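Chemist: The primary structure of each chain is shown beneath.
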Amino acid sequence: MRAHTEYLWFETSKREEYVRITDEVAAIVERSGVVDGFVLVSAMHITAAVYVNDWEGGLIADIQEWLEGLAPKKNYRHHRTGEDNGEAHLKNFVIHHQVLLPITDGTLDLGPWQQVFYAEFDGRRRKRVVVKVLGV
Amino acid sequence: MRAHTEYLWFETSKREEYVRITDEVAAIVERSGVVDGFVLVSAMHITAAVYVNDWEGGLIADIQEWLEGLAPKKNYRHHRTGEDNGEAHLKNFVIHHQVLLPITDGTLDLGPWQQVFYAEFDGRRRKRVVVKVLGV
Amino acid sequence: MRAHTEYLWFETSKREEYVRITDEVAAIVERSGVVDGFVLVSAMHITAAVYVNDWEGGLIADIQEWLEGLAPKKNYRHHRTGEDNGEAHLKNFVIHHQVLLPITDGTLDLGPWQQVFYAEFDGRRRKRVVVKVLGV
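Protein chains in written order, with our numbering: chain A, 85 to 220; chain B, 85 to 220; chain C, 85 to 220.
Calculated directly from the structure, the hints in this document are not laboratory data.
In this text the structure is predicted, and so the values were computed from the model without any measurement.
Fair warning: there could be bad hints in the mix.
If chains are identical, the list can't say which one is meant, so a pair holds when it fits in one copy or spans any two.
Pairs of lysine to aspartate or glutamate residues, derived as DMTMM-like cross-links and limited to a Cα-Cα distance of at most 25 angstroms, are as follows [stated by the list, open to error]: (1) Lys158 / Glu100; (2) Lys98 / Glu152; (3) Lys211 / Asp107; (4) Lys158 / Glu140; (5) Lys98 / Asp168; (6) Lys211 / Glu90.
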């Protein structure tokens, strides 16, 4: 059995940003040497998410607008701590902070339209995603 | 260590449909020979979800109505591509496209009311779910 | 390869309650002897969730209020069965019932603000969470 871990770093220029990371994850899987198993892709910060969905600009704009409606910027209790990112924490629940991808025959076993994304909801600071591969 | 992979195919007759798949997943776990480990059940399409919840018709109707309220059918930017399923992508975020089930003593280690469901949000076409077992 | 399973029991005094369980999960990881792998923390009931987010009382109150807005208490179809917890099932979808945590160098590989929580939406009864460790 093999276990292999790498970290991806992000520092987006905008507060909210959606970054495709399929190729970076696939490269880590290849370096791991695992041919059958799982790769966990998980944000290490609580105002950033990782998800699988379509790589289409219109849809990404739809997601952003929809999330703003579900969790609008407003004066949250959390802001009494000096933070201003309450809505980013809530958006994180909707999108979820992690995905587990199957590896089959040494490659990501994804459907035809599935792409892996990092969703930043409180950017302009360095943040990390852990990518851990486990399998044979 | 063992890894075992199978795929479930779906082609629902309705655009939106909820299909119980606990027995199919349990059968794959049995065929895998794994007695202690995990089984990932993950939709390979981005307008279909996999979840664990109650097998009760009233609740399923509640879920469907609630999702329609959170992500209504409307004219999304995504539809400029020719698609008409923007709301299906958004519902997918709320339900999440995958679950990881524990296997203990060779069987699914679920609570008394936990059932596994495939939730189709844009059906009437062939779609696939990957089921991957990893363990000892 | 090692697999190790324990269960955490909860019986909250309130219907809705958020309980930090990072230390309990870390102790199970230590007892497992796994130095590199995954630990699944998954609610075994369908009206309780497990999530990773900030340990800050204001934010927890924000989450509770926000969930009440997204899935308010009302007369759901599910209540025809004699239950009164329809909203608890729906909140469970938003928060998700499980997390998969990476283990690196024998400890939980979490970011600086990541804490593990059990979220109870229909308490005052005994409920269980399965914690399963898999790795080397």
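Chemist: Under a CA distance limit of 25 angstroms, which applies to Lys158 and Glu140: within one copy, between copies, both, or neither?
Modeler: Answer is between: at 18 angstroms across copies they meet the 25 angstroms cutoff, but 29 angstroms inside does not.
Chemist: Treating 25 angstroms as the Cα threshold, decide for Lys211 and Glu90: within, between, both or neither.
Modeler: For Lys211 and Glu90, the Cα distance is within 25 angstroms only inside one copy (14 angstroms; across copies 32 angstroms).
Chemist: Could you place Lys211 and Asp107 in one of the four classes (within, between, both, neither) given a Cα distance threshold of 25 angstroms?
Modeler: both (19 angstroms within a copy, 24 angstroms between copies)
Chemist: Is it within, between, both, or neither for Lys98 and Glu152, if the alpha carbons may be no more than 25 angstroms apart?
Modeler: within (15 angstroms within a copy, 30 angstroms between copies)
Chemist: Cα distance capped at 25 angstroms. Does Lys158 pair with Glu100 within a copy, between copies, both, or neither?
Modeler: both (16 angstroms within a copy, 24 angstroms between copies)
Chemist: With 25 angstroms as the alpha-carbon cut-off, assign the pair Lys98 and Asp168 to within, between, both or neither.
Modeler: within (15 angstroms within a copy, 30 angstroms between copies)
In summary, this structure violates none of the numbered hints.
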